[in-house]
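Undergrad: Every number in my numbering is 16 more than the matching position in the sequence shown, counting from 1.
In case anyone wonders, no lab produced these hints; they're calculated from the structure. Mixed in with the good hints there might be a few duds.
Said to hold, decoys possible - Keeping only pairs whose Cα atoms sit at most 30 Å apart, straight-line, the calculated DSS-like set for lysine-lysine is:
id: 1; residue 1: K122; residue 2: K160
id: 2; residue 1: K131; residue 2: K168
id: 3; residue 1: K160; residue 2: K109
id: 4; residue 1: K158; residue 2: K122
id: 5; residue 1: K168; residue 2: K109
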Amino acid sequence: MGLRNFRIPGMLISLALLTSNFTASAQQPIQAPKQQQCPPQNFMVTADTAVIFNTGSTNSPCFRILVSPTGQAHFVQGNQSGKGRIPRRLTRKFFQDLSAAEPLSKLPAEPNCIKSASFGTSTFIRLGGEQSPDISCVNNAKAKALITDVEKITQMLYISRPTSPR
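Input sequences plus hints: build the corresponding full structure.
TA: Printed below as a string of structure tokens:
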């Protein structure tokens, strides 16, 4: 009988705590899930640094890679950042392909580029004040060389990319 008397006050205290927590949480608004955070778009880089930007999608985080002509690379993917070194041969090829494609803004854009709503991403390159159109939607040899370079660079830096087609 004495043991039962101790259980009832304990149960009442538990019920009171549970009710107060429920009431407190019910008064606070429910937070919507955060949208994907991409790195800032406006930042200072040297004129000879190439900036690769991928918009990301519902299923993959966006990323931004800064590549210097020396092969130094700094990147941000989602809320993570890092740095690495691109091999000399790939760095040289990337900058040669960029030079061959100049002016980047004049690369012919594909007018009807169809992409998946969930997996579709866009990839742009900036260098010296010029920006390419979405190179994943450009259908010429210069843009294809650049997208191949970008894919190799992302592999070297272990940056995840969507594996499904556009």
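Undergrad: Is the hinted pair K160 and K109 satisfied, with a Cα-Cα distance of at most 30 Å?
TA: 13 Å, holds
Undergrad: Just to be careful, I want the Cα atoms of K168 and K109 compared with a cutoff of 30 Å; is the pair within it?
TA: Distance ~11 Å between K168 and K109 Cα, so the pair holds.
Undergrad: Regarding the pair K131 and K168, is the alpha-carbon distance no greater than 30 Å?
TA: Holds: K131 and K168 sit about 22 Å apart, inside 30 Å.
Undergrad: Check the hint pairing K122 with K160 against an upper bound of 30 Å on the C-alpha distance.
TA: Holds, at roughly 15 Å.
Undergrad: Take a quick look at whether K158 and K122 sit within 30 Å of each other, Cα to Cα.
TA: Status holds; Cα separation ~11 Å.
Of the numbered hints listed earlier, not one is contradicted by the structure.
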